[in-house]
Amino acid sequence: MAKTIIDAHNVSKTFNPKTIPVHAVQDVHVHIEEGEFVALVGPSGSGKSTLLNMMGGLDEPTEGTVFIDGVEITKLSENKLIDFRLHNIGFVFQSFNLIPVLTAKENVGFVLQLQNMPKTEREKRVLALLEEVGLKDKINSRPGELSGGQQQRVAVARALASKPKIILADEPTANLDSKSAANLLDIMAKLNKEEKITFLFSTHDQRVIRKARRVITLVDGKIESDVEQTPS
Amino acid sequence: MLLKLAWLNIWRNKRRTIITATSVFFAVLLAIVFRSLTDGVYDNMIHNVVSYSSGYLQIHKKGYWDEQSIDNTFEEDDKLHQELLKNPEVTHIMPRLQTFALASWADKTKGVLVLGIDPIKEREVNNLHEKIVDGEYIESVNDNAVVLGEGLASQLKLKVNDTLVLLGQGYHASSAAAKFRVKGLIKLGALELNNNVVYMPIQQSQYMHGAENRLTSVSVMLDKATNLKKLKHSLQGSIASEAYEVMSWKEMMPEMDQFIEADSTGHYIIIGILYFIISFGLFGTLLMMVFERKHELGILIAIGMKKRLLAFVLLLESIMISLLGCFTGIIGGMLVVKWFTVYPIHLTGDLKEVYEDYGIESIIYFSSHEKIFITQTLIVLILSTLLAFYPGYKVMKLKPVEAINS
Ligand SMILES: Nc1ncnc2c1ncn2[C@@H]1O[C@H](COP(=O)(O)OP(=O)(O)O)[C@@H](O)[C@H]1O
Ligand SMILES: [Mg+2]
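Here the protein sequences line up with chains A and B, keeping their order.
Letter 223 of the first sequence, counting from 1, is numbered 212 in the working numbering, and no numbers are missing.
Letter 272 of the second sequence, counting from 1, is numbered 270 in the working numbering, and no numbers are missing.
FYI, nobody ran anything at the bench for these hints, they're computed from the structure.
Mixed in with the good hints there might be a few duds.
What the hints assert, rightly or not - EDC-like mimics (lysine to aspartate or glutamate), calculated; alpha carbons at most 20 Å apart, straight line:
hint, chain 1, residue 1, chain 2, residue 2
1, B, K292, A, D(-4)
2, B, K397, A, E110
3, B, K304, A, E95
4, B, K395, A, E49
5, B, K185, A, E112
6, B, K392, A, D166
7, B, K2, A, D48
8, B, K397, A, E112
9, B, K392, A, E95
10, B, K392, A, E52
11, B, K2, A, E52
12, B, K227, A, E52
13, B, K304, A, E52
14, B, K60, A, D16
15, B, K304, A, E49
16, B, K305, A, E49
17, B, K60, A, D72
18, B, K305, A, E52
19, A, K7, B, E351
20, B, K395, A, E112
21, B, K397, A, E95
22, B, K305, A, E112
23, B, K395, A, E95
24, B, K397, A, E52
The structure presented is a predicted model; accordingly, all values stated were derived computationally and were not measured.
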């Protein structure tokens, strides 16, 4: 049996509990195993971001527990959690993921530097990663000199850098044209297949959903369906 | 890496960084020039005053200061002179025999201060001979003549070449009496001296008082920049401390020290206000830097950067901006100060007269004491560190999700 990466139990999130409560996520169970390639779909406001943030330890659930690779992250102190994220979770956000003053190479290397990886080893890894996302010739470009799609690919390379257990991507293609979106998804799918990287990404783009092997659908903060599919 | 990141960050908004650094530049420049000017004026004033009076330091027989009598004198000692001159900061030493006497001319009598001096050594230090307004200056240690303060002479209604009779107490309760030709009249800025002083060649004075070879004090003149406390301490150790006491002008003329202290307080307040104003500018810039970069800071926390480390980067940014202004300010300040050390300001008109009336050189010198520059750097460094605490605190409180969504 494959290893469990995400195990979320009875997770709920209520915003503004004292004034006008918003039940963004309600009693959700999610179980994801190593090597899965999962899309979290649903209309805008259905709770995708909120759920992803809680699974990545960026936000605390009002109720429920989240285990990542067997560690109950909902119990960790703030500093431990930051450290846990550094070593175990890769993030790709919707846009402006990168530090604008650093080059692509430096952005990817930043995470490794936070982990105190020695310079030569770091440089090698950064180059390999940027090559993998097809940006070998852009290593010295700053984010402002890259297209949106290229920036997102650098963000994926950065998320990969620390060899995380999982990469969480919140609408990574939302600001991309369809060609760049397809390209990014192809790279993610390739990394998933070749490197066994587990991906959980949210989207409401049909063309992106098609690429997933499992689709969890959220409606009004609740899981409506959770199905396997053959990517096309 | 963090240094590089901080450095790149401060140049994201070039204009703002330059404006902020420029404000620090002007504050530091003004503070330095101002401090250098006021310190220079004080130093000059002290130098002038002590050269007529106590010297920077004075050596007495132990106990003299509390009981200033001719019986508390000590024998002139070459070894003491050598010991003092061994210190490179010591520029001159002036042996003196200082007593009180009754002076009379015709039907007038007055208590006077009799300063037995070495006229050659004295004039090297304070150009006493240039202050002669009538007659001539005494020439040697045994010239049989005296020079009087102009004020004293007019009180006694006495002129050059008249004969002054002095009556005082000699060594070991002997009586001291002598007649001297008045060789010159001298105009001194300090009224105390001008109205009371009789300068007498030291050997004549010793002879008159039956105190051959005895001195009440040796005054020590120093380089303006000397660290007085340190030198006093080292002298206390190097000369026989059982026999002598070493006193600084601050102890002998506490009023002048207090005046300078009080006067400086006003200057500190002005400089304080200056720094207070630039603190606002720097603080605003730092707040903007956090505010504008919230999204990015949120991402950095999300991908695993500790908040403390992030706060440290902001601290570096704050220090970099202010040091940029500080260092250029110091260089600018040094240039201005250097300029005025090479070309000091010569006062003219009324101000020149006021200065000269007080016996102070009518030239404004600037102090280029390194202490001034070090102090400004420290102030700016401390300010920028303190000011970085608030943005640091903001970072510590940052919630990654909220920050990323902003
Ligand atoms: N910080 C917040 N405060 C209050 N309500 C919020 C907050 N964040 C999200 N919500 C609400 O929670 C619900 C889910 O939002 P979100 O997770 O962003 O949905 P999605 O990512 O699927 O668009 C929405 O109704 C949204 O308005
Ligand atoms: Mg969302």
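These are the hints, each one checked on the structure:
A distance of roughly 31 Å separates the Cα atoms of B/K292 and A/D(-4); the hinted pair therefore is violated under the 20 Å criterion. For the proposed pair B/K397 and A/E110, the alpha carbon gap of about 33 Å is over 20 Å, so the pair is violated. Only pairs whose Cα atoms come within 20 Å are accepted, and B/K304 paired with A/E95 is accepted, the gap being roughly 18 Å. Proposed proximity of B/K395 and A/E49 is supported: the alpha carbons are some 15 Å apart, at most 20 Å.
For a cut-off of 20 Å, the pair hint linking B/K185 to A/E112 is broken: about 81 Å separates their Cα positions. The straight-line distance between the Cα atoms of B/K392 and A/D166 is roughly 36 Å, outside the 20 Å bound, and the hint therefore fails. Only pairs whose Cα atoms come within 20 Å are accepted, and B/K2 paired with A/D48 is rejected, the gap being roughly 31 Å. About 31 Å separates the Cα atoms of B/K397 and A/E112, which puts this hinted pair outside 20 Å; it is violated.
Under the criterion of a C-alpha separation no larger than 20 Å, the hint pairing B/K392 with A/E95 is inconsistent with the structure, at around 26 Å. Our distance criterion of 20 Å between C-alpha atoms is broken by B/K392 and A/E52, whose separation comes to about 28 Å. Straight-line distance between C-alpha atoms of B/K2 and A/E52 comes to about 42 Å, which puts the hinted pair past the 20 Å bound. For the hint linking B/K227 to A/E52, the alpha-carbon distance of about 70 Å lies beyond 20 Å, and the restraint is violated.
For the proposed pair B/K304 and A/E52, the alpha carbon gap of about 26 Å is over 20 Å, so the pair is violated. Pair hint B/K60 plus A/D16 does not hold up; C-alpha atoms about 92 Å apart against a cutoff of 20 Å. For the hint linking B/K304 to A/E49, the alpha-carbon distance of about 18 Å falls within 20 Å, and the restraint holds. As the CA atoms of B/K305 and A/E49 are separated by approximately 18 Å, the hinted pair is consistent with the 20 Å bound.
Between the alpha carbons of B/K60 and A/D72 the distance comes to roughly 70 Å, so the proposed pair goes past 20 Å and is violated. Between the alpha carbons of B/K305 and A/E52 the distance comes to roughly 26 Å, so the proposed pair goes past 20 Å and is violated. Between the alpha carbons of A/K7 and B/E351 the distance comes to roughly 79 Å, so the proposed pair goes past 20 Å and is violated. Distance check on the hinted pair: B/K395 and A/E112 sit about 33 Å apart at the alpha-carbon level, beyond 20 Å; violated.
Among the hinted pairs, B/K397 with A/E95 is inconsistent with the structure: their alpha-carbon atoms are about 25 Å apart, more than 20 Å. Restraint check for B/K305 and A/E112: the C-alpha separation of about 25 Å exceeds 20 Å, so the hint is violated. Between B/K395 and A/E95, the direct Cα distance comes to roughly 27 Å. Violation of the 20 Å bound is thereby established for this hinted pair. Restraint check for B/K397 and A/E52: satisfied, since their Cα atoms lie roughly 19 Å apart, inside the 20 Å limit.
Against the hints set out earlier in the document, violations occur for numbers 1, 2, 5, 6, 7, 8, 9, 10, 11, 12, 13, 14, 17, 18, 19, 20, 21, 22, 23.
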